[in-house]
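Fit chain B to the given chain A structure using the hints.
For the record, the sequence lines run as chains A and B. For the first sequence, this note's numbering assigns the number 20 to the initial residue and increments by one for each residue that follows. For the second sequence, this note's numbering assigns the number 20 to the initial residue and increments by one for each residue that follows.
Everything labelled a hint here was simulated from the structure, so no lab data went into it. Values in this document were obtained by computation on a predicted structure and should not be read as measured data. Backbone N, C-alpha and C fix where the C-beta goes; we use that ideal spot for every residue, glycine too. Some hints could be false.
[Claimed, not checked] Only pairs whose alpha carbons sit at most 25 Å apart, straight line, appear in this in silico BS3-like list of lysine-lysine:
1) Lys-240(B) with Lys-37(B)
2) Lys-106(B) with Lys-129(A)
3) Lys-129(B) with Lys-146(B)
4) Lys-240(B) with Lys-106(A)
5) Lys-129(B) with Lys-37(B)
[What the hints assert, rightly or not] Which bits of chain A does chain B cover? Going by a derived footprint, with three or more residues having C-beta under 8 Å, they are:
6) 63-75
7) 95-105
2 protein chains.
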Amino acid sequence: MGLIVVKFGGTSMADPGKIEAAAGKVAAEAARGHRVAVTVSAMAGVTNRLVGYCEAIAPVHDSREYDVVVASGEQITAGLMAMALQKQGLSARSWLGWQVPITCEGVHAKARVRDIATDNLHAALDKGEVAVVPGFQGITRDGRVATLGRGGSDTSAVALAAALGAERCDIYTDVDGVYTADPRIVPGARKISHIAYEPMLELASLGSKVLQTRSVEIAMKHGVALQVLSSFGGAVGSDMPGTLVTKETPNMEQEVVSGVAHSQDEAKITLLSLPDTPGVAAGLFGPLAAAGVNVDMIVQNVAADGKRTDMTFTVARADLPRALQVVSETPALSGVEVRTADNVAKVSIVGVGMRSHAGVASKMFAVLAEKGVNIQVISTSEIKISVLIDEAYMELTIRALHTAFGLGG
Amino acid sequence: MGLIVVKFGGTSMADPGKIEAAAGKVAAEAARGHRVAVTVSAMAGVTNRLVGYCEAIAPVHDSREYDVVVASGEQITAGLMAMALQKQGLSARSWLGWQVPITCEGVHAKARVRDIATDNLHAALDKGEVAVVPGFQGITRDGRVATLGRGGSDTSAVALAAALGAERCDIYTDVDGVYTADPRIVPGARKISHIAYEPMLELASLGSKVLQTRSVEIAMKHGVALQVLSSFGGAVGSDMPGTLVTKETPNMEQEVVSGVAHSQDEAKITLLSLPDTPGVAAGLFGPLAAAGVNVDMIVQNVAADGKRTDMTFTVARADLPRALQVVSETPALSGVEVRTADNVAKVSIVGVGMRSHAGVASKMFAVLAEKGVNIQVISTSEIKISVLIDEAYMELTIRALHTAFGLGG
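Bound conformation, chain A alone (with noise of 0.2 Å):
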């Protein structure tokens, strides 16, 4: 038998008892023979609690510090999760992001993942001891503490499973498993079993909540055999199967749409009648980026009198204020109407049978034209097509779609 890394969410670390039955599903796995790393988020409401301190001391403080403060969440649920699986007959310790250690880069606060030593990590396996390691913690070169930003335990896991060369990476989350769209919007949604990489990370980064897009990222980048599974389900993952993420599915002929996904957390910004000129979008997007705010749909018209154009872009909700703040400080812009709404919505389908079937994007288009929805804005990649939408067609937008491209049990 092989060596998987287990990761249990903030739900599943919520107070002792909940370590406890959480530490009965690692004892399960390590009684089938397999050598177990498990990685904790910290207790839920901890993060929030800890990031509310440090806001109250400074709005704007030392991300250095912040890391120091938060990572600590972790820490208390490692130490508590040794303690349970030690409870439970196994030998087990805690191993904090120094002690590992885990080497970051990149800033305070959003650090990423460099390096893994795993030397230590893989003797205390080797000798049948469960390594505990807190989620969303390492340090900078330097020694500071670091922190991979809010939801990092799962690119932790990844990642740990990814260095040790884990065999799968189980997250055991509040749900069980991705669905081919969110259930709380349709109930016929159905459990995904088995999905590739690069529909998960659409799927991700599209709005569902399951996985962290980086999370997939880096399983897709090193191969990591992810899966999803619930806490609160049976004893184990394999007795209560949630949704397998891999290279590529089983099944010869590829669904041709995966699932719908969609996001809420979008705002929208139009530009009218901008001067049709080469710079103005360099001009714009580079201070955006500049100021951190991170775009996602873009899209501008061809200039009819071949001078000026209108142009939208979406941020997310958040961000609006500081776009709005940039957009008017950018020069180009000076005199130029600017609209916005935050009452808009972007609904994807996601597939990677869409790269061989024409027709899916014009049979989207049309469920949306026959319920009289209007689309505001279109993206695309070759495995997705995402449109934005009125808030408040979106629940029927996605009940649409699903039943359309027959995503149902």
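Only chain B this time, still in chain A's reference frame:
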């Protein structure tokens, strides 16, 4: 100006607002030209909550993992304190136990500071940066997290001051100094402006809660000048004097008695009609020590008939069940009648001047006799006399002694 260490207790760290107030005191010291290192306790209540999590998972748990869990409380306040100092315009950073490093030895959860590396800290202090070091924590030689036992942050601060060669260690707490008796019991108790290490050590070990005993021991050993101050008084220590603890006090005429201390954490065990043969005491107190029971006062009378005698000793109340277990398992004591009482209190008078003044003990006993208080056990050293009495008479006794030795203002 020199280097000082400033330590804040849990009530001074209880919330972001209190942390900012504490940072203000540090800023005032820095403004006077001092280089400052800061030691912080966890937010009031946090350590208890973390200990509660550990006990919920397993009443008997791995103390190495306990240390990982509970050390996080001081990590949080260290980061927040560094942020709060930066907000005051100071350069500051946190130095966790493993970053300094602070090396500990002995058992986990009750470790002792072995060595504090000072190169990093001196470099930071010399460039004008405030070094914030979490109290209570360090690492073992093999790189595991260690903690110093409850209340260990005083010890951390004094050990840090000794290692750095600080000219003073200021302990900010929720009282404004050391008093001649507990002011809640003796309204006329006087704040002691200056006291020597030895009587302070006796007061601390005899029940005064102001300073941790070990911190006074370390201060005495290394000649660190300690100052106890209120967190909630004026701007900085020097404006609002507390109690200074040093090698010698400036007044040539030493006061005979410095203060009256008391402890209610006492339980008494009496063994009746013991065989008065060599080895009985060793046969009992050896196993008690091995069981981790700390025996305080011991009295044994001469055997009137040369054959059998009575013995009384005291232990901490929480240790009474374990002590009785050891007694019942000691072969030499089989058949011996055992009586216990936990409605007892220890009242002590402490003062360096006792060494050279005869009659202090007789005066103390006369005061108790006059008040009709029966003395159950007596224990003396060069600079203290302790009596064990019925708990009901404790307050009366403290007040009578305080008056009789002229300790009032």
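Verification of the hints:
no. : hint                       : verdict
1   : Lys-240(B) with Lys-37(B)  : violated (32 Å)
2   : Lys-106(B) with Lys-129(A) : holds (22 Å)
3   : Lys-129(B) with Lys-146(B) : violated (34 Å)
4   : Lys-240(B) with Lys-106(A) : violated (42 Å)
5   : Lys-129(B) with Lys-37(B)  : violated (28 Å)
6   : 63-75                      : holds (count 4)
7   : 95-105                     : holds (count 8)
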